[in-house]
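K.L.:
All chains, please: the whole structure from these sequences, using the hints.
Residue numbers (UniProt numbering), protein chains in the order written: chain F, 1 to 337; chain W, 1 to 318; chain G, 1 to 280.
By construction, these hints were calculated from the structure, which means they are not laboratory data.
Watch out, some of these pointers could steer you wrong.
Unchecked claim - When the alpha-carbon atoms are kept at most 27 Å apart in a straight line, the in silico DSS-like pairs for lysine-lysine are as follows:
{"hint": "1", "chain 1": "F", "residue 1": "301", "chain 2": "W", "residue 2": "147"}
{"hint": "2", "chain 1": "F", "residue 1": "231", "chain 2": "W", "residue 2": "147"}
{"hint": "3", "chain 1": "W", "residue 1": "128", "chain 2": "W", "residue 2": "147"}
Claimed, not checked - Pairwise CB distance ranges, derived in the manner of DEER restraints:
{"hint": "4", "chain 1": "W", "residue 1": "102", "chain 2": "F", "residue 2": "125", "range": "23 to 31 Å"}
{"hint": "5", "chain 1": "F", "residue 1": "134", "chain 2": "G", "residue 2": "107", "range": "42 to 50 Å"}
{"hint": "6", "chain 1": "G", "residue 1": "52", "chain 2": "F", "residue 2": "203", "range": "27 to 35 Å"}
{"hint": "7", "chain 1": "F", "residue 1": "203", "chain 2": "G", "residue 2": "238", "range": "22 to 30 Å"}
{"hint": "8", "chain 1": "W", "residue 1": "127", "chain 2": "G", "residue 2": "106", "range": "53 to 61 Å"}
{"hint": "9", "chain 1": "F", "residue 1": "126", "chain 2": "W", "residue 2": "21", "range": "20 to 28 Å"}
{"hint": "10", "chain 1": "W", "residue 1": "235", "chain 2": "F", "residue 2": "232", "range": "30 to 38 Å"}
{"hint": "11", "chain 1": "W", "residue 1": "21", "chain 2": "F", "residue 2": "2", "range": "53 to 61 Å"}
For each residue, glycine too, the CB sits at the ideal point set by N, CA and C.
Take a look at the letters that make up each chain.
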Amino acid sequence: MARYILRRVLLALPALFGLVILTFVLSRVVPGDAAATLAGDAATPAQIADIRARYGLDRPIMEQAAIHVRQVLTGDFGRSIFSGRPVAEEIIQRLPATLELTFVALFLATVIGIPLGLLAALDHNGPIDHLVRLLSVGGLAIASFWLAIMLQLVFSMDLDVLPLRGRMDVALGQPARVTGSMLIDSLLAGRLDMFVDACRHLVLPAVTLALPGLATIARFTRSGVLETLQKDFVLYARAAGYGRVRLAAIYVLRNAVNVTVTQIGLLFGALISGAVAVEAVFDWPGLGTYAVQAILSADYKALLAVTLVVGVVYAVVNVAVDVVQALIDPRVAEEHR
Amino acid sequence: MTRPILQVEGLAVELRGEAGTAQILDDVTFHVPAGGSLGIVGESGCGKSTLLRAILGILPKGAETPRGSILFEGRDILSDRAASARGRIGFVPQDPYLSLNPVFRAGDQILEIMRRHAPGSRRDHRAKIVELFRAVQLPDPEAALAKYPHQFSGGQRQRLLIAAALACDPSLLVADEPTTALDVTTQREILSLLRGLAADRGLALLFVTHDFGVLASVCDRVTVLYAGRVAEGGPTRTVLDAPQHPYTRMLLACHPDRATDLAGIPGTVPAATAQPSGCRFHPRCPIVRGSCAESPPQTVTEGDRVVACPFHAEPILA
Amino acid sequence: MTALRHIFRDPVAAFGLLIVVFALLVAILAPWLAPYPDDAFESHILQRLRPPSAEFPFGTDNLGRDILSRVILGTRNAFAVAIAVVVAAMAVGVPVGLAAGWRDNWMSDVLMRVTDVFLAVPQLILALALGQLMAPGIGTAMVALAFTYWPFFARTVYAETRRLRGSLFVDALAGIGASPTRILFLHVLPNAAPAILVRATVGMGFTILTAALLGFLGVGAAPPSPDWGLAVSEARQHLPEAWWFPTFPGLAILLLVLGFNLLGDGLRDAADPRLRRSRR
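P.N.:
Here it is, written out as structure tokens:
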């Protein structure tokens, strides 16, 4: 198993390296004169030349690329043009908020989506099945930023039962930062009131973000269960006298859920994209709002760093997914030996 | 004759589908004596698998049993759900490669059966499985518990499934062509294993097959099915040596081991939705009479043999 | 044709097709259908933020423009962006997939590695980075979306080409001396067409959704464009009073994307008979 994990990590590296190169190409080629872009519209030629020298833009392109790679590998993303602070520092500050949001959403999507998919498959072509199909197609068609606003409109503005924005009520202050996750930090601080408040702030963003994932998971679980139910070993298990519920909920589901797990890996990309929209609507201080702010302030260093960090997170999640798959189905790890 | 452990009486199974109602089985009658063995033979499509599913209580959705009964140890398992014989009838499936769930350990799959149908604790069950693994001659029985299906060979998987079938101390073992997916050497081993286990434990055997060779080596009695009806039944030796129903006679003539000429039987088994009237074999029968198409044939009983053809004494002219 | 018949037999997929055809008609006839076609640009400050009424069925926005008219006119934008992006992505992705799938050599490896790089980061993030580096605007958004969506076509066509190149008829064609280009474009490509069509249909929905998000974030369409995503973004400052302002453009996005997704689903079932069973 350890070898399998190592293999998967090694497989992910070339794509990540390619991403570093791609960001370099994008930052140097696309804006035309990078130095002029950096210096701003009102810069004098002298200022531009100064910036060119300072950022090494006057050196040969291959040397610039090498410098770029070395900087990225050492976690040096430069300073934000907007705030003047190191980009790496700002990202570390904000990454936990995004991770907390996406993982809670993924958790919701999984614990609701899998049972829904199972129920739909067992009620093949029945009313539950049709309802789940509608939900799964609709869930993928809804624009997350719009859903977020609609939920705000109903639950925060009209009914006033859930907070409108942010991660925690200002009046409560903040728990001491340990992990950056409000849920964990408030528990570590022993502040149950903060924990409850963090949960209340999470409800709307997490639900918005979870919906497309839930739709995908329910859908793939459903088709996986339907396919597995056709298998000979299910017929055998029934003949041998397995209990009906245990057969469906444990034996069939474990086979079926493998397809679903693959989807969870792919979903993570959609979750990150969704997070950008959801964070923007709920003023969630994560990477998404950071990216949007970087766009509005033309802070290309910050934006490229976000791209890279998201790429790394994405790769880690996909390796984790492969490992989970190998744990569910022992044949997976052996096939790739 | 000993008291039958399994008695099937006038069983009919119908399947409702989009193409109309299909008569899969009609008026099927036979029995398996306690400790005895019966083989069910027929071509594919004759209703063998449906018969098995009816006995095991896993008929597909839309299947109905308008007539007949299946008595297991004297209780009707068809109408009385509480009397369901699941777990008390051991089942050995056809394909050992596809019948085990690939993502669960072998031991856990058998434990799941025992959890519902065998008394005792999990620890007892484990000990019992190891003992069974030994009985079916699985190498390294202790370690086998924790292995996954793909780590066994085909023959080993079939041994594992036989052990699973024995896990709840059944009095009847139902086997669905348990050797067709295996190579010839392994076939022989598995058959002798089954014979030995049945004899040692006083198990009755119900064996479904299309292979007369397998039949002759395992079963005392045989019932021949054609298009969902019983064509002929009796002691294996007598039926094989002197078949009476024209279908059996022709079927045996097809079998390469004993073929005088490989005549084959013209035509195919009719579709279950379009069964011919009268005797279902009449469109393919070489000694067909006008009356054969009118009503189902009378079953003739002679001693311990039955044959569903009043004209069975007629010679077949090639 | 059989695919079309299959679609019509599946009521849900037929519903999807109906939505798409309806929306397409609306897009084509937009200037004649919209009650106030000039509201794409003109503003009428005096009648701003009116709730839905007989005169303005969807209400008016912050500049007093009829939301119904703008939703209708926005259909055009949505289609134009989606079609342009999908066609451009196809133009890049399909040849790449064909070339990479045809032979196992270094070029095929390089092409697929490059594809992997583009798939190593979520599409939106890449589109944002690109959209920002060039001047933000609807053109940039389209380039960025096409730039990030082609790998999906490359992947699909790559898999199909690999599957087909092993098939007997390709061997037979190579045997009688047909050139690889000829085999690829005249024989492999038509056989891969169903998979490409499904990918394109799903891609239309995806593009509409992402383009709307870019508009919402301010990297896509710019005012006074009747873009749906932009409208939702403009509406945020007028909540909760003007609930109708974000609601109707959002519903339009939902409906059109739903149409493409349902249609894509139905096409997938029609293209892959193996999956059909699980649907019905």
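K.L.:
Would you mind marking each hint as holding or not holding in the structure?
P.N.:
Going down the list of hints, with the structure as the test:
| no. | hint | result |
| --- | --- | --- |
| 1 | F:301 - W:147 | 53 Å, violated |
| 2 | F:231 - W:147 | 21 Å, holds |
| 3 | W:128 - W:147 | 17 Å, holds |
| 4 | W:102 - F:125: 23 to 31 Å | 28 Å, holds |
| 5 | F:134 - G:107: 42 to 50 Å | 45 Å, holds |
| 6 | G:52 - F:203: 27 to 35 Å | 30 Å, holds |
| 7 | F:203 - G:238: 22 to 30 Å | 24 Å, holds |
| 8 | W:127 - G:106: 53 to 61 Å | 59 Å, holds |
| 9 | F:126 - W:21: 20 to 28 Å | 23 Å, holds |
| 10 | W:235 - F:232: 30 to 38 Å | 33 Å, holds |
| 11 | W:21 - F:2: 53 to 61 Å | 58 Å, holds |
This entry does not satisfy hint 1, going by the numbered hints stated previously; all others are met.
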